[in-house]
Every structure is written in C-alpha cells, then in structure tokens.
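Chain residues, written in single-letter form:
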Amino acid sequence: MRNGLLLFLGVFCALALSWAGLLMTANRQLGHLGQFKDPIDESINPAPLSGVANEGRLVYQDLGCVTCHTQQVRGEGYGADLARKWGQRGGYARDYIRDQTVFFGSSRIGPDLRNEGNADLHAGVDAAYLYRLLYAPQSVAPGTNMPAYPFLFDVHPVKGRQPSDYAVRITGRAAPPDGYEVVPTPRARQLVTYLLSLKDTYDYPIEKSRNAPGAEPKEGGH
Amino acid sequence: MTDSASNDRTEQMEIDASAKWPVLVFFAAGLFWLLAGGLLQLGASIQLHTPSFLSECVWFTHGRLAPAAQNALVYGWGMNAGFAFGLWLMARLSATTLRHGGWLFVAAKFWNLGILLGVAGILGGYSTSFELLEMPRFVTLLLLAAYALIAAWSVTTFSIRNTENVFASQWYLFGAAFWFPWLYAVAQVMLFRVPVHGVLQPVVEAWYVQGLYGLWFVPVALAAAYYLLPKILGKPIANYYLAPLAFWWLALASAFAGSSRLIGGPVPVWIPTLGVVANFLLVVPSVIIALNLFGTLAGRWRALGGSVTLRFTALSMGGFVLAAAANLLLALRGVAEHLQFTLAAELRDWLMFYACFSTAMFGAAYFILPRLTEREWRSAALVKAHVGATVIGVLFLVVGLAAGGWEQGHLLNNGALAFSEVTKGMTFWFTWRSLGFGLLLIGHLAFLVNFAWIAFPLAPRDTVVAEFRNPPDLELPAAPAKEGHA
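In order, the protein sequences belong to chains A and B. Sequential numbering of the first sequence, starting at 1, is according to my numbering. Sequential numbering of the second sequence, starting at 1001, is according to my numbering.
Honestly, I wouldn't trust all of these hints.
When the alpha-carbon atoms are kept at most 30 Å apart in a straight line, the in silico BS3-like pairs for lysine-lysine are as follows [claimed, not checked]:
1) B:1424 - A:85
2) A:159 - A:37
3) B:1424 - B:1231
4) A:208 - A:85
5) A:199 - A:37
6) A:199 - B:1231
No wet-lab data here; the hints were simulated from the structure.
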C-alpha cells in the first residue's frame, strides 16, 4: 500500500459502495411510494397533515422531543409496543410519506408517540390532557421525568380582561394563583394539534398481506 | 547515537516545530468544547432524574440540551482533537514539515465558529432533529469549508511524503480525512437540500451516524494506537501483514453497518438485514486489529506503569473491543428487541466515541504535547487524577449503561407495566449515569489545567519541574521498529 492514488480510490469505493448499495437502492425502492386510495370508501391514505399540525411539527422539532420519544411501532411478536398500546399494528414505510421530517428517534426515555392522537388506543388523551401534560407533567402523570414546558404557556391575571376560551384547567400544586389563568401560546396549540394528528389507523391491504405471518405449510405440499 | 538516528531526531524536531501552533490551537479548542460539552451533558443527564432542573428556560429544555451537548462533544472536542493529532501524525509519518500552517488557524477559527453557531442554534431552537445533524443548516457550508482546508493540509502532507513505506496509521488518517466530508455532504443533501421521502430519512440518518463513529472516530483512534504502541514499546506491530486486510475490510463493512440500527423499524427488511450482515463481517477486522494491538502489547504489560500514554492507549484498545462487541450484540435481532432504544444503545455510540476515541486522544496528547512545547507536565498529581477519573469513569459508565439498558429493556418490554413504573425503575440508573459523567468531567478539568500550564505557561521555563522520563528516551527505542516509519 504505497500508492496514494490506489489508496484514494479504495477509500472512495468503500463509501461509494454503501451509498449506492444502501441509500440509492432504498431510494429506488421507496422513493416513489405514494398515497393509497381506498377502493371502497375512496379515502386517501395517509392523509396529509393539516396546516396547524404542520406548524406543530416544527415545534416538536425545535424542542427536540425526538430526544426521548420514538415514532416507530414495532410489529407483533417483536417487543411490547402493541401491548403498550403504542399502535394497533406495526408501522409501514407508507405511513411516513406524509411526514416532511421523520422523527424515528432512537431512545425511549419517554413512550412512543406514533399513535398519540389515536383515541381508540389512548382514551383519555385529548387537547386538555396534553396541555396539562405540557404545563405541569406531574399533575397528570405522577412520577414522570418529562420536563415541564412553562414557556409554551402564558400565565396572566384574569382581572380586566375576558377569560380565555383556551385556558387550561389545572388543579393541585401546579395550579396558578387565584385570579390567574394559564393560556396556551400559539406554539403550544400547534404542538398539541400535531400530537393529536399522530395516528396510523388505516391498514393498507398490500402491506397488510405482505406483513402477515406466512400460512402453515400444508402436509405433503411443496 | 548513529548519524542517521541523530538526523532523524533533528528532522523530527523540525516537524514538531512546524506543527506546534496548529496542534496547540486545535487541542485548546477541543478542550474548551470537552469542558463545555461535558457540562451540558451533565446538565442534560441530571434532567433525567430531576426533571425540574433548568426546565423553566426554553434554551435548556432537555430536548435541546442533550443534542447540544452531543454536538459540542462530537464536533467540538472530538473533531478538534482528531485534527490536532491527525495533522501532527501525518507530518511525522510522512517525514515532512507541516507547511503554511497559518491557513490552519483560519480553518480552526471557522470550524469553531461553526460549532459555536451550531450549538447555540440548537439551544435557540433551530435544531433539525436528525441525530448528530441537529446543527442548523446555516453552519453546514462553514463547517465543510473549514474541514476541507484542514483535510487538504493532511492529504497534501501525505502526498509530499519523504518515506518509502506508508504505515497503517496513515491509511486510517487518509481514509478518515475523506470519509467525513462525503458522509456529511451526502447526509446534508439527502436530508435537507433535496430531502428524500418518508422512512428514507432515518435510513440516511443511521448511515451517517454509524459512518461518523465507525469511519471517522474509530479510524483516528486506531491510527493513534498503531502509532503509539510500537513507538513507546520499541517493537513492531505484531502480525502487521494482516493490517491492510483489516483496514479494507473495516472500511467496507463499517459503511454498511449503520442500517442495523433500524431493526424492527418500518423499513423493508433487507435494509436492517444488510446492516446485520455488515456487523457480522466486522468481526474479522476487529479480531485482526485486536491481534495487532494486543499482540504488540503482550508480554509488555508492565510498561503500562511507566507511561501515561500507554495506559490511555490500552484503555482505548479495550474500548475498541467493547465497541465492536456492542455493535455486534445490538445487531442480533433478539438482543435488539430487548436493548434497542435503551441506555445500552447509547452505550454502543459512547464506547466508539469516548471509550475508544477520546481516550486515544488523551494518550496522544500526553505523548505529543511535551515534545511540541519541549516542556514537562507541570503536575503529576493532575495527570494521575485524569488517568484515575477516566479509568474509573469509563468502567463506571460501561457497567451502568449496560446494566441500566438491560433493566430498561426489561421494563419496556413488559407490556403490563405502566410507563411511570418504567421511569421509576430507571431513576437509579439515570442517577448513576450523571455520576459517571461527573467523574469524567473531573478528569477533564485536571487535564485542562495541566494543558494550560504546558501550552501557555506563565512561569519562566527554568522553574518547571521535571516529572517524567525525558522524551528522547522514548524517541529512540533500543530495537528500531521493523516497519519503516519516521
């Protein structure tokens, strides 16, 4: 190994091979994955994010929620994701084409959020719950190590103004002093809208059949 | 002393003199980030068991603090230290001086300005949320340009080399010099300029993260080990003829290894499988490298007592073996089911970056800095404190993150357990983790003080006390190494 040019070519090829073999091949397979139109109810899936939810995606991104929360559900027989009600099924690649930024995450210090807005799985999770969770996590999830996000809320005296329709009702230790109300800022509302938009409820027929466990081989069959 | 030996010595002193200020500047910048990043990391770690810590201020919310710390450590400390060491070693092994070093100051300034803006950008809310690519887009070109300048110096130094042979350390440094900008540019283009769709983003992210650790930090650490061991022990690398095989094999397989991070994820199964295969293939180069390095050290373990550099290098070699094992284990489907998304996955990255790479850079610093400054380390107690804190801290964190990760996986995979119970069960391990980071920080502080004394002394030279053997004893081993390197 004395020839600098050969060394360079080898070094180049080593990485170029993985770029072509992994990234470009995957891109060829998945790059054109599109929405699926249900033949019966003619719904388009996955539905795109609403404008406000898309703003919330940016809040999720800038606060670094991905540091502690994954957004990927492992399928049946692999981990306890389904038992934990983090999804009704394992995730498909197609679920993610609606996400401009995909927050897979790599750490589960907090629970998975891929289906946080799925009311079938999380009965008590609505906007009011999420506001309380963000403002004073201990008030709704005692023992959690999720930090509070007081900067997403505006605490001000009610006196001299009309009470806000959006004021968060908080009782217990975290409650604001008498005569004050806790109002979510636009950023908080965007974030909560985004969180409530997180659900993979539609099951795609093609993916479903591909991911279904194989049938038991018939006796004497090939 | 023979004529050629004394010529070599003069030549080495010339090279050292030419590299002195660039190396000192990069090391100083690296140490600043090591301390700053370490403090941020400790803060982020404390938040996991004391969530109210610094939570009132949006700049220090956990989701921003943790990635800011990681970026400061990886790009600030890791890369700066790698530049300092890589430039010096490339000049030494190529037996040529580092020319026009002034440009490297420019590069150092831009690089560190980029990191400063990047880390502040993450704390200020401009994070991109992609692991190790969180720094806002506006610093990308700054970093790439600064890096290009630094890598160009390294590669140019290599191409005007005055030696016949090219030593193993040079392959690794040469490779690393090119791999980072390619990895970084491809990731930037595929994630931000022309973003790929859906789950392709995590694929690119996994490829980049593993590439950065496996094709930059680990190779630079190996370059250090391949150089320092024979140099200090005065014997050639054992089974050196296998080293080229290990290099190419490692390069090829590491580049593919990242996708095993996506095991069980919503991607086509061939993607993680390719990564699993690559991780299995990595066993061969890892074993060869271990044979090379531990084979060289075999029978000379007592030398560890006499050299701080050797102790750090041995620690780094241990870190390399553990990192290889962790990569392999986490690529097993059954193990990944349990340990994915836990502290054990963090341990894998931390082993590559800290236990393998950072310790190697400490060892190299203890070797290089006295030669460059022609002074001795001022305080032997601080050196001992650094070695002690690092050894204990590394063991402490390896045990804590492995056991804590195991516990976390166990709790998470018990579907009947409420999530608050998982958090409660993990509080002990999160506290353990903070203690470990705190311990390492003490060592870093000791190192920083000693570094400041040796690099920018205020006292006149004659008051400096000599604590260690004179460098020339180490420079001229009794039996010269077989592999021709300067």
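>> Need the status of pair residue 159 of chain A, residue 37 of chain A: alpha-carbon distance at most 30 Å?
In response: violated, 52 Å
>> Can you confirm whether the C-alpha distance between residue 199 of chain A and residue 37 of chain A stays at or below 30 Å?
In response: holds, 17 Å
>> Tell me if the straight-line CA distance from residue 1424 of chain B to residue 85 of chain A falls inside 30 Å.
In response: Distance ~20 Å between residue 1424 of chain B and residue 85 of chain A Cα, so the pair holds.
> Quick one, are residue 199 of chain A and residue 1231 of chain B close enough, alpha carbons at most 30 Å?
Replying inline: Violated. Residue 199 of chain A to residue 1231 of chain B sits at ~59 Å, over the 30 Å cutoff.
>> Tell me if the straight-line CA distance from residue 208 of chain A to residue 85 of chain A falls inside 30 Å.
In response: holds, 19 Å
> Holds or violated: residue 1424 of chain B with residue 1231 of chain B, Cα cutoff 30 Å?
Replying inline: Violated. Residue 1424 of chain B to residue 1231 of chain B sits at ~50 Å, over the 30 Å cutoff.
The structure does not agree with the numbered hints 2, 3, 6 stated previously, though it agrees with the rest.
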